[in-house]
Each structure stands twice: as C-alpha cells, then as structure tokens.
Amino acid sequence: MTEKLHTPVIAWFDAHARDLPWRRPEAGPWGVMVSEFMLQQTPVSRVLPVYEEWLARWPRPADLAKEAPGEAVRAWGRLGYPRRALRLHGAAVAITERHGGDVPTDHAQLLALPGIGEYTAAAVASFAYGQRHAVLDTNVRRVFARAVTGVQYPPNATTAAERRLARELLPADEKTAARWAAASMELGALVCTAKNEGCARCPIAAQCAWRLAGKPEHEGPPRRGQTYAGTDRQVRGKLLAVLREAHAPVPQAVLDRVWHEPVQRARALDGLVTDGLVEPLAGGLYRLPLS
DNA sequence: GAGTCGTGGTT
DNA sequence: TAACCAAGACT
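Here our numbering is used: the first residue of the first sequence is 1, the next is one more, and so on.
One or more hints might be untrue.
FRET-style restraints, in silico, Cβ to Cβ [claimed, not checked]:
{"id": "1", "residue 1": "Gly101", "residue 2": "Gln234", "range": "36 to 42 Å"}
{"id": "2", "residue 1": "Arg233", "residue 2": "Arg60", "range": "28 to 34 Å"}
{"id": "3", "residue 1": "Gln234", "residue 2": "Gly284", "range": "21 to 27 Å"}
Simulated pairs of lysine to any residue, SDA-like, Cα-Cα distance not exceeding 25 Å [stated by the list, open to error]:
{"id": "4", "residue 1": "Lys238", "residue 2": "Asp256"}
{"id": "5", "residue 1": "Lys238", "residue 2": "Val273"}
{"id": "6", "residue 1": "Lys175", "residue 2": "Ala27"}
{"id": "7", "residue 1": "Lys4", "residue 2": "Val250"}
{"id": "8", "residue 1": "Lys195", "residue 2": "Pro155"}
{"id": "9", "residue 1": "Lys175", "residue 2": "Asp106"}
{"id": "10", "residue 1": "Lys4", "residue 2": "Ala213"}
{"id": "11", "residue 1": "Lys4", "residue 2": "Arg201"}
{"id": "12", "residue 1": "Lys238", "residue 2": "Thr274"}
{"id": "13", "residue 1": "Lys66", "residue 2": "Val273"}
{"id": "14", "residue 1": "Lys195", "residue 2": "His218"}
{"id": "15", "residue 1": "Lys175", "residue 2": "Arg132"}
{"id": "16", "residue 1": "Lys215", "residue 2": "Gly198"}
{"id": "17", "residue 1": "Lys238", "residue 2": "Val250"}
{"id": "18", "residue 1": "Lys238", "residue 2": "Leu285"}
{"id": "19", "residue 1": "Lys238", "residue 2": "Pro249"}
{"id": "20", "residue 1": "Lys195", "residue 2": "Ala17"}
{"id": "21", "residue 1": "Lys238", "residue 2": "Ala205"}
By construction, these hints were calculated from the structure, which means they are not laboratory data. A quick note: this is a predicted structure, and the numbers were derived from the prediction, not measured. Note that the Cβ used here is the ideal one computed from N, Cα and C, for glycine as well.
Make a model of the complete structure from these sequences and hints.
Rendered as structure tokens:
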C-alpha cells in the first residue's frame, strides 16, 4: 500500500520540486532552520527576500547570537508574528552556548530550542540531516486527509490518529523517508492545495480516497476564521512598525498616533513589552530590545 | 484544548 | 468585500 504512494510522489517531486534557496546544499542546517522559522504560517514568496537578507547578514548562528534581539525583530520586517524573530535569536544564542555554534542533529535537542515545536524539530532533522521523522505540517496533513482518510480537510488540531498514520506511512529507509517528507509536503503546497485541488496533475490521483469517494464536501463546524481588523494584533503590528522604522527611542506620544482607542492601545503596548518585543525606557520612551 | 499571535495575497 | 489561507509555537 505505502509503496504505491512513495514511488509516484517522490518521482513527481524529482520532476517538479521548486528550486528554493534553503534546499540548496550551501544552505546548510542553519539555512534550513532559519527558513523553517520564517515559513511558519507564512507564504514562500514573502519569505524569500528576507531569508536572503538574513543569511547574508548572519551566515552562522553565532553571528546572530552576537546581535541585540531588537536587530532580529527589525530585520524580520513585515513577515508577521515577530515573536518568531525573538525566538530565532534566542535559539541562536542557545546553539552558540550549548552546542558549540552548530545546529544540533538530535531531535530532542532541537525541540528544546525556543520557537521549535514538533513540526520544526522534525523538519530540521529531516531536511538538514536526512533523518527519518514524521514531518507533519498543514500540507502533509491535507494530503493524508484526502489521499488516505478520504476527507476534504484534516481536523483543526493535529490528532494522535494523524501522528500514527504519518509514522505508519514513513518509509523504512532513512534517505527515502527524508525524501518522502519533502515530497509529500511539496505535493500539498503545489497540487493538493486547500482550494482548487489539482487532481489532473496529481501523481496519486488514481489511489486518492477522497477523489474516489466523489470529493465529498467538508462536514462539521466551520473551520475557524480569524478576523483581524480591530484586534489587539492589528494594534501591536502598527506599534511595532513604528519602532522598526525608528533608529532612536520613540516617545509615547508618537506611538499614541497609531490607534485612537487608549485602553486597547495601552494593552497592546503592554503586551509587546511583556513579550520582550519592546523595551520601555525612562521618560516615556520606547525602542526595540537591546538585550 | 481553545486562544493568541501579523501580514498580505487570493477568491 | 469579507473570508479564507499561508512549512506553527506557546500558554
């Protein structure tokens, strides 16, 4: 059963994989790790220019570790979820202190780094070091949901059943497993997308349980929509945008202009300080964190 | 386990 | 146009 998936998907990957900079040999484990942080909830097209900038500026973990965390936040630009920049900086510090400046090869040691969870630990171990891990991201989950389980979409949160399935489908051979991880993810990213699934281009359309069932529509509760306008997140984004552009401490009065409602504005700024994304100074001044 | 956390392109 | 979506992590 499983070989009927592995072989065509990997062959398709060999023919259609995108030439992404973090897939080139010269990227190395650090390049893979940086890309994985940036790609969390963020499209490839927006990551590409920032990735190139980061790797040119900080080619090794120790280079980033020497910087102020605020510089990482500034260089993050408008990628979104700027706590990732802080965590990546923290991971670089930990790698420099605990692992001699080299991205660890061990899954448990990767998982212990800030900003690295179940997915990213498996992804770095697999993509950078060729190890055998179930790499279960939103693309792979969708491919499995359709091809194997026969439903349009996976559950909102990753389930034990999905993890078990991913382990069962993992090729025994280490190199093949790593190839399969990248290939199944790419298939979900390019062909078996959330909307407009491209069955005509799919290498496993003939075996796809969902297609064979007549592509039944998703049942159950609507898949959570995330509103943004008017939320604290939007206010945080506006505040941080001002601080990213500034190269000197910013007075409170300048920050006050980004949002009219004072209670929400104060709550958002306080949250940024709590998260370590903003450093308050004496005299009502604010800046990106120096330490 | 449900909420929170950015941003911009696509439909 | 409002909603959906994009290689999740953390509390």
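Evaluation of the provided hints:
no., hint, result
1, Gly101 <-> Gln234: 36 to 42 Å, "holds, 38 Å"
2, Arg233 <-> Arg60: 28 to 34 Å, "holds, 33 Å"
3, Gln234 <-> Gly284: 21 to 27 Å, "holds, 23 Å"
4, Lys238 <-> Asp256, "holds, 10 Å"
5, Lys238 <-> Val273, "holds, 14 Å"
6, Lys175 <-> Ala27, "holds, 19 Å"
7, Lys4 <-> Val250, "violated, 60 Å"
8, Lys195 <-> Pro155, "holds, 16 Å"
9, Lys175 <-> Asp106, "holds, 16 Å"
10, Lys4 <-> Ala213, "holds, 18 Å"
11, Lys4 <-> Arg201, "holds, 17 Å"
12, Lys238 <-> Thr274, "holds, 17 Å"
13, Lys66 <-> Val273, "holds, 22 Å"
14, Lys195 <-> His218, "holds, 12 Å"
15, Lys175 <-> Arg132, "holds, 7 Å"
16, Lys215 <-> Gly198, "holds, 12 Å"
17, Lys238 <-> Val250, "holds, 14 Å"
18, Lys238 <-> Leu285, "holds, 17 Å"
19, Lys238 <-> Pro249, "holds, 16 Å"
20, Lys195 <-> Ala17, "holds, 20 Å"
21, Lys238 <-> Ala205, "violated, 45 Å"
Violated hints, listed in ascending order, are 7 and 21; each of the other numbered hints is respected by the structure.
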